[in-house]
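These protein sequences, in sequence, are chains U and P.
Residue numbers for the first sequence, in my numbering: 2 to 339.
Residue numbers for the second sequence, in my numbering: 2 to 339.
There could be a bad hint or two in this list.
Since the list gives no way to pick out one identical chain from another, each pair is judged satisfied if it fits inside one copy or across any two copies.
[What the hints assert, rightly or not] Below, computed lysine to aspartate or glutamate pairings styled on EDC-like, alpha-carbon distance capped at 20 Å:
1. 321 with 62
2. 150 with 283
3. 180 with 219
4. 209 with 228
5. 145 with 282
6. 4 with 105
7. 29 with 105
8. 145 with 283
9. 230 with 254
Keep in mind that the hints were calculated from the coordinates and are not lab data.
Protein chains: 2
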Amino acid sequence: MMKAIGFKQSLPIEESNSFIAFETEKPKPDGFDLLVKIAAISVNPVDYKIRANAAIDVVLDTPKIIGWDAAGTVEAVGSKASKFKVGDQVYYAGDITRSGSNAEYQLIDERIVGHKPKNLSLAESAALPLTTLTAYESLFDRIKINPEKDKGKTILIIAGAGGVGSIAIQIAKKMANLKVIATASRPDSIQWCKDLGADYVINHYNLKAELEKIGHSEVNYILDFVDLKGYWETAAEIIKPQGHIVTITGSADPLHLNLLKEKSVSFSYEFMYTRSMFTTDDMEEQHKILNEIAELMDRGTLKPTLTTTLEGFTVENLKKAHQMQESGKTIGKTVILF
Amino acid sequence: MMKAIGFKQSLPIEESNSFIAFETEKPKPDGFDLLVKIAAISVNPVDYKIRANAAIDVVLDTPKIIGWDAAGTVEAVGSKASKFKVGDQVYYAGDITRSGSNAEYQLIDERIVGHKPKNLSLAESAALPLTTLTAYESLFDRIKINPEKDKGKTILIIAGAGGVGSIAIQIAKKMANLKVIATASRPDSIQWCKDLGADYVINHYNLKAELEKIGHSEVNYILDFVDLKGYWETAAEIIKPQGHIVTITGSADPLHLNLLKEKSVSFSYEFMYTRSMFTTDDMEEQHKILNEIAELMDRGTLKPTLTTTLEGFTVENLKKAHQMQESGKTIGKTVILF
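Just chain U, same shape as in the assembly:
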């Protein structure tokens, strides 16, 4: 048996049953799966969005286990697994169609698992996978940036100090060779973005005027990590001809695509779960990306994004981590260390 934390109903985080601890069967690995003993997890906005929507007006029979970011140790491997052996330290984001990482043990397909960065702590490692894969895929799989050809082009990262923004600034700067303009509005979040390597930090209110102030009235690329609908018209206005807009958010309402026409602009959704959800031919890219990032972390080219560590895998800490995410004001990443 193992301990897990989940929910049977979508409830406000303040309510006592918004999360419950329970005992459940420890799973066994088969096929490409690894069984990982989890040592640390992190929380992302997707967590509270799913918690708030997965069980509205119903009570689930068994609690739903969410959470997609973990670091830990391989305890057993499936028959087809060949990339890892028992005892290996790993880190991964996971698969939204399967049970999450808010548990002592988890099954995970090795094709989306990376070797943990050697020089980083388990907590620092658990903070990385989901945001790193999101930022990397946005730049290299969606926009398809060529670091030599596109060197020096400009990218606007909306919400630079948040979890994904914190690693996106670094990957855009250090791996994609771009000039990075991040948005942030408080003194501590502005400083955080600068420390991570942003060339400019501007306020997200009145983006157009802010960009003009720094002499970049238009940008080649935009990463929206906050609100596609809210930024749509501004994005269409400040994007350069042949530019590319990537979003991880979305819009419940339809949007005017024609705003992109005259400038031949491209637009992509980045959803980190796509590869595992559809078992795409190139699913193993996530394994490679996580290994590449681990190397760059070990060399010090990239810096950890962890800012807050909560000690102990408890309902209280998980609630606290969700509350922090829901505030929308966290800087960097929050981790729960088991």
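Following the hints, put chain P in place on chain U, whose structure we already have.
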């Protein structure tokens, strides 16, 4: 002086003044401009769309000269022009913000001009530029296809037998190494697509079922050359995870972008005029593309798309060419030979 054909009012093509012939000053080249003596022009859907919208409820003082596809001979060069000399045979699409090719002479920035394919006639050459640039940019500048890495991926070309479809099938097959599925619905247009190298030709009605019939229920890429709005939901359904949709049409109404989210799909507008309209840093790419295409035409790797030649630069022939475009049923390209 020179002869030109233009319009002062947006009128149905049947009306006597829908086009008028007139005499106007022969222009002089400066800067990067070439003065080209035009020998052949072709007509594209953009022509009748502009004719129908540029002068509604007004009468222009001087007739508007449209047309963006020509082949001819350089008669004079501007002070900064260095790629061409007097007497060179050239072909080009042009710049939507300037006077068009429905004239005996035209000024054109050399950075968007190519050397005419040596083994093709002037009429065959005039048929190519606008559609070729559109198809090439769609595949290599918007989707950013890598012919080695993406070899064998599938592309659906909606309206395969039309002007841009006819060259897109060939570029997708011969230059991008893709498996090409084109849509066409009449026996002659189906045969035309097959002759150009399409691996499959399917009917555009009930696309999903047609794709299933040929064993490709989903495709990696879609080029929409007909109606973005009409195909939007179907496109979102039949596109593969991480796929890419390119359109040259558009939608007056807003569209649900969220349909692309789960599959991390990308979307681009391709507007051949973007580079010249905004004088982008890479504007000269169009010069390079046209030269590359000329070589492939000369080697026989690509085939001309010309199907109809109207002899004589007359109002009657221009009206006829517009009428054919407006029917939406033309196969390949229509050219007017001066």
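Status of each hint after checking the structure:
1. 321 with 62: This pair counts as neither: shortest intra-copy Cα distance 25 Å, inter-copy 71 Å.
2. 150 with 283: Intra 24 Å, inter 11 Å, cutoff 20 Å: inter-copy only.
3. 180 with 219: Close inside one copy (12 Å), not across copies (37 Å); limit 20 Å.
4. 209 with 228: For residue 209 and residue 228, the Cα distance is within 20 Å only inside one copy (16 Å; across copies 32 Å).
5. 145 with 282: Both: 18 Å inside a copy, 19 Å across copies.
6. 4 with 105: within (6 Å within a copy, 82 Å between copies)
7. 29 with 105: Cα proximity of residue 29 and residue 105: one copy only (13 Å, versus 78 Å across).
8. 145 with 283: Classified as both: same-chain Cα gap 15 Å, cross-chain 17 Å, threshold 20 Å.
9. 230 with 254: both (8 Å within a copy, 15 Å between copies)
Violation of the numbered hints given earlier is confined to hint 1; every other hint is satisfied by the structure.
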